[in-house]
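**Student:** What follows is each chain in one-letter form.
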Amino acid sequence: MSHGVPRVGGEGEGGVASSQDKIKARIKAYKELEKDVTDRIKNEDYSNTTFQLTSTLLSQNPEYYTIWNHRRLLLQHVFAREFSTSSPDNPTAEGTLSTSDDHADTTAAQKAGLSPSQHEISLLISEDLSSLLPLLKQYPKCYWIWNHRSWLLTKATTHLPAASAIKFWQGELALVGKMLALDSRNFHGWGYRRTVVEAIERLGDISMAEKEFEYTTKMIKTNLSNFSAWHYRSQLIPRLLNERNARREARAKFLDGEFELITSALYTDPYDQSLWFYHQFLMATLDTTNPQAGIILSPCTNSDRKMYLEQEVTSVREMLDGAEDCKYIYQALLEYARRWRDLGGEVEKTDMKEWLGELRKLDPLREGRWRDLEKVLGLEVV
Amino acid sequence: METLDGTEWDVVIADTGFASSLLALSLSRSGKRILHLDPNEYYGGAEAAFSLAEAETWALRWSESTDGATFSHASVTKPSLSGDSKLLSSRAYSLALAPHLIYARSNNVPALVSSQCHNQLDFQAVGSWFVLNPFDDALTSSSRLIRVPSSREDVFQDASLALKAKRALMKFLRFVASYEEQTETWNDSRDQSFSLFLEQKFGLPAASHEPIMALTMSTTPASSTTTGFALPRIAQHLRSIGIFGPGFGAVLPKWGGLAEIAQVACRAGAVGGGVYVLNKAIKEAAKVEQSDTIALTLDGNERVSTTWLCGSTETTRWTGCTPAVSEEDFTTISRSISIVSSPLSHLFPPTSEGGVTPAGAVVVVPSPDASEPPVHILVHTSDAGECPMDQSVAYASVALPSDTGYPRLERAISDLLLSAEDAQPELLWTLRYQQRTNLSTQALRESGGLINLPALRDDLVLDDSVLDGVRQAWQSITSEEQSVFMKFEAREGGEEEE
Numbered sequence: 001m002s003h004g005v006p007r008v009g010g011e012g013e014g015g016v017a018s019s020q021d022k023i024k025a026r027i028k029a030y031k032e033l034e035k036d037v038t039d040r041i042k043n044e045d046y047s048n049t050t051f052q053l054t055s056t057l058l059s060q061n062p063e064y065y066t067i068w069n070h071r072r073l074l075l076q077h078v079f080a081r082e083f084s085t086s087s088p089d090n091p092t093a094e095g096t097l098s099t100s101d102d103h104a105d106t107t108a109a110q111k112a113g114l115s116p117s118q119h120e121i122s123l124l125i126s127e128d129l130s131s132l133l134p135l136l137k138q139y140p141k142c143y144w145i146w147n148h149r150s151w152l153l154t155k156a157t158t159h160l161p162a163a164s165a166i167k168f169w170q171g172e173l174a175l176v177g178k179m180l181a182l183d184s185r186n187f188h189g190w191g192y193r194r195t196v197v198e199a200i201e202r203l204g205d206i207s208m209a210e211k212e213f214e215y216t217t218k219m220i221k222t223n224l225s226n227f228s229a230w231h232y233r234s235q236l237i238p239r240l241l242n243e244r245n246a247r248r249e250a251r252a253k254f255l256d257g258e259f260e261l262i263t264s265a266l267y268t269d270p271y272d273q274s275l276w277f278y279h280q281f282l283m284a285t286l287d288t289t290n291p292q293a294g295i296i297l298s299p300c301t302n303s304d305r306k307m308y309l310e311q312e313v314t315s316v317r318e319m320l321d322g323a324e325d326c327k328y329i330y331q332a333l334l335e336y337a338r339r340w341r342d343l344g345g346e347v348e349k350t351d352m353k354e355w356l357g358e359l360r361k362l363d364p365l366r367e368g369r370w371r372d373l374e375k376v377l378g379l380e381v382v
Numbered sequence: 001m002e003t004l005d006g007t008e009w010d011v012v013i014a015d016t017g018f019a020s021s022l023l024a025l026s027l028s029r030s031g032k033r034i035l036h037l038d039p040n041e042y043y044g045g046a047e048a049a050f051s052l053a054e055a056e057t058w059a060l061r062w063s064e065s066t067d068g069a070t071f072s073h074a075s076v077t078k079p080s081l082s083g084d085s086k087l088l089s090s091r092a093y094s095l096a097l098a099p100h101l102i103y104a105r106s107n108n109v110p111a112l113v114s115s116q117c118h119n120q121l122d123f124q125a126v127g128s129w130f131v132l133n134p135f136d137d138a139l140t141s142s143s144r145l146i147r148v149p150s151s152r153e154d155v156f157q158d159a160s161l162a163l164k165a166k167r168a169l170m171k172f173l174r175f176v177a178s179y180e181e182q183t184e185t186w187n188d189s190r191d192q193s194f195s196l197f198l199e200q201k202f203g204l205p206a207a208s209h210e211p212i213m214a215l216t217m218s219t220t221p222a223s224s225t226t227t228g229f230a231l232p233r234i235a236q237h238l239r240s241i242g243i244f245g246p247g248f249g250a251v252l253p254k255w256g257g258l259a260e261i262a263q264v265a266c267r268a269g270a271v272g273g274g275v276y277v278l279n280k281a282i283k284e285a286a287k288v289e290q291s292d293t294i295a296l297t298l299d300g301n302e303r304v305s306t307t308w309l310c311g312s313t314e315t316t317r318w319t320g321c322t323p324a325v326s327e328e329d330f331t332t333i334s335r336s337i338s339i340v341s342s343p344l345s346h347l348f349p350p351t352s353e354g355g356v357t358p359a360g361a362v363v364v365v366p367s368p369d370a371s372e373p374p375v376h377i378l379v380h381t382s383d384a385g386e387c388p389m390d391q392s393v394a395y396a397s398v399a400l401p402s403d404t405g406y407p408r409l410e411r412a413i414s415d416l417l418l419s420a421e422d423a424q425p426e427l428l429w430t431l432r433y434q435q436r437t438n439l440s441t442q443a444l445r446e447s448g449g450l451i452n453l454p455a456l457r458d459d460l461v462l463d464d465s466v467l468d469g470v471r472q473a474w475q476s477i478t479s480e481e482q483s484v485f486m487k488f489e490a491r492e493g494g495e496e497e498e
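Here the protein sequences come in this chain order: A and B.
To convert, note that position 171 of the first sequence is 171 in UniProt numbering; the numbers rise steadily by one, no gaps.
To convert, note that position 430 of the second sequence is 430 in UniProt numbering; the numbers rise steadily by one, no gaps.
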């Protein structure tokens with residue numbers, strides 16, 4: 001099951017050197033390379049050779065963020081030069097960073113609806129993005145690589161017409177999709193995805209809320225324990241409902257659907273905290289003291305709140321059957337029973353005391369917290 | 001070509017079946033003088049892979065019932081009228097006699113990796129398990145194809161499960177994850193019905209048992225499957241998921257099932273200095289008095305001597321050296337290989353969002369009569385390298401002799417085709433045959449220089465016992481430490497495919 005992507009050598013990880021001499025030689029070579037690159041940048045040598053040298057250095061040490069900065073300085077210089085030499089008859093200097101000859105350039109540029117310099121910049125960006133893929137594959141959590149890609153895409157947005165720039169961002173969305181398929185809990189991936197989606201929405205003047213909502217559904221189905229996916233879902237909901245012009249009835253239906261989904265998930269695995277977080281989010285939208293109040297069900301009356309609280313307390317209570325050792329269930333019961341009680345609902349004090357008792361047994365290390373909770377809930381033995 | 005007559009060997013291996021080939025692989029760096037024979041003109045023995053023409057020749061050879069032979073009652077039919085036009089050339093097909101699936105949690109793949117064979121092999125994912133309930137002749141209701149949930153996410157997504165059922169099933173799955181440490185729960189039920197165990201200990205109603213049974217791949221009727229058999233099987237299935245990639249736990253070797261592994265193993269044996277001769281059977285074998293050798297006579301009357309004679313029970317049977325095999329333990333299986341004119345995509349959903357598309361699927365067809373065994377169908381897409389694009393291969397098997405087994409197989413395949421929602425797929429070509437396996441041969445037997453390697457189990461899962469047997473044989477021959485078994489360095493200038 002090979003991925004067909006050329007593997008970048010793992011030289012930065014200490015390699016296969018067994019003897020002291022080999023290691024010393026490698027350190028020496030690395031330091032020489034480092035000095036070479038920094039000297040060149042200092043001397044404003046923004047040639048293709050320097051560019052290639054930064055590539056070599058970064059593939060050995062992608063965390064060396066200063067070199068990423070140097071690389072960007074170099075690229076920036078090249079972009080600026082492209083715009084200043086806007087005449088197609090102006091030959092590019094020997095050894096400078098360039099990708100094709102002028103004739104082919106002009107025709108290709110015209111085809112893409114770009115000026116020759118825009119086309120050149122587009123090619124440079126495209127090449128840098130693809131050349132970094134193997135490195136990203138090897139170091140999927142390296143901030144600096146994601147950062148650099150971000151920068152390249154922002155440059156595309158600045159220098160190129162929207163129609164061209166958006167293509168880069170769409171390619172990036174596909175890439176993020178692949179990275180998240182490999183590791184769905186990589187929060188770099190999720191944060192990055194939001195940035196990419198935002199850019200596409202802005203450049204294309206569209207909304208991707210529905211599509212992204214669907215995406216979170218798919219990711220949850222692949223792995224229930226996905227804090228990031230559930231969180232993203234919660235973030236998308238307000239905008240989603242607004243775009244659908246959802247009135248009260250549609251909003252109530254939506255909320256019911258989400259409760260059904262999360263209840264089904266909780267019955268499958270009540271021991272998974274990420275599911276309880278989402279349940280808490282849904283309940284928060286019904287809680288007047290919470291900033292999330294009203295983002296789903298709106299308008300929302302007290303009788304609505306009471307209804308949902310009663311529904312959920314009953315539902316969560318049933319979850320106990322077969323999961324009596326799950327502390328999250330007791331925590332949820334105490335919290336929602338309290339809110340229901342505050343709105344006039346009938347909750348037996350003995351039940352609440354029982355749940356608190358179970359909680360203390362299951363999580364004795366947090367005794368202090370449960371004692372506080374006891375006071376807040378007014379359950380102390382008088 | 002030089003004659004074999006008068007040659008002396010350390011090891012003679014009598015066939016190039018799966019286990020025997022693995023033995024050759026394990027000995028390929030030992031420096032031993034190895035003669036590796038096969039009575040057939042092809043590699044793979046009882047686990048070979050065939051083109052259409054080769055399969056048809058093989059079927060003719062085993063069409064009758066020969067006393068004691070493994071294969072019998074074989075025939076090829078081309079049910080569809082357009083079969084001849086849709087079938088491509090003979091060589092476009094590589095049909096496996098041994099389409100076994102290999103679980104991640106088994107000793108097989110690690111050994112293939114450590115012996116440097118994995119670069120020459122291509123493994124494809126086996127994705128979904130299904131239970132297929134047969135069409136009801138009286139009504140026109142569609143056949144029910146139910147996907148078996150085998151992970152938390154599967155259970156979550158299964159709309160047909162009520163909440164309480166999800167809870168109960170999850171409880172069972174969680175139990176299986178660490179069942180060895182919870183013997184109090186199941187020790188008493190070890191030899192009892194697994195169905196009863198599910199009902200009593202987990203409150204799972206009888207109607208929900210079929211999917212769970214499907215994961216055991218048991219060839220015995222549901223009513224006689226014991227807890228002691230089922231639990232390790234289900235545990236292996238569940239624990240294998242995710243190891244090679246998200247959403248699946250088993251793989252199949254591309255290009256013809258275990259035959260491909262046998263070929264790669266023999267190649268390694270040859271590179272290691274082994275001599276290979278096909279179309280060469282052993283006529284006689286006898287221990288030489290007061291010596292450590294066996295004298296063999298081959299079918300061209302060549303006389304050969306060797307310290308060790310190894311092979312499957314089938315090929316060494318004629319030698320007269322074979323330890324007695326009890327007739328009682330024979331099971332008879334009916335099997336079929338069908339070429340279908342459709343990729344049957346509904347059986348191959350992706351293993352996860354953005355994950356690999358599987359090339360294999362398992363469909364279990366329970367018998368309406370609980371005392372009869374189920375039919376197991378392994379379906380392979382063209383990505384398994386066994387048929388052209390837009391076609392698929394269905395390997396079906398049931399633990400019944402041909403008179404009752406063949407109708408069951410036919411029915412199962414036709415129900416499978418009916419389960420495809422779009423344009424009706426056609427059956428282009430079918431090979432049917434009966435296979436006898438002897439359970440007592442499923443462990444290694446050794447006696448005075450003769451080694452009978454373990455046979456494959458009759459279900460379609462590659463068991464650990466085969467490699468374990470090969471290792472025991474290797475240890476007897478080389479007297480080496482277990483820890484170096486199948487651990488080789490890459491050869492100089494060898495394949496560097498990744």
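Keep in mind the hints are simulated off the structure, nothing from the lab.
Don't take each hint at face value.
[What the hints assert, rightly or not] Pair ranges (Cβ atoms, derived):
| id | chain 1 | residue 1 | chain 2 | residue 2 | range |
| --- | --- | --- | --- | --- | --- |
| 1 | A | D36 | B | V275 | 51 to 61 Å |
| 2 | B | L163 | A | Q235 | 25 to 35 Å |
| 3 | B | F229 | A | D321 | 22 to 32 Å |
| 4 | B | P388 | A | G294 | 57 to 67 Å |
For glycine and all other residues, C-beta sits at the position ideal for the given N, C-alpha and C.
**Student:** Does each hint hold? Answer for all of them.
**Tutor:** Consistency of the hints with the structure:
1. A/D36 x B/V275: 51 to 61 Å: Given range 51 to 61 Å: holds, Cβ gap about 57 Å.
2. B/L163 x A/Q235: 25 to 35 Å: holds (28 Å)
3. B/F229 x A/D321: 22 to 32 Å: At roughly 31 Å between Cβ atoms, A/D321 and B/F229 fall inside 22 to 32 Å, so the hint holds.
4. B/P388 x A/G294: 57 to 67 Å: holds (59 Å)
The structure fails none of the hints (numbered hints given earlier).
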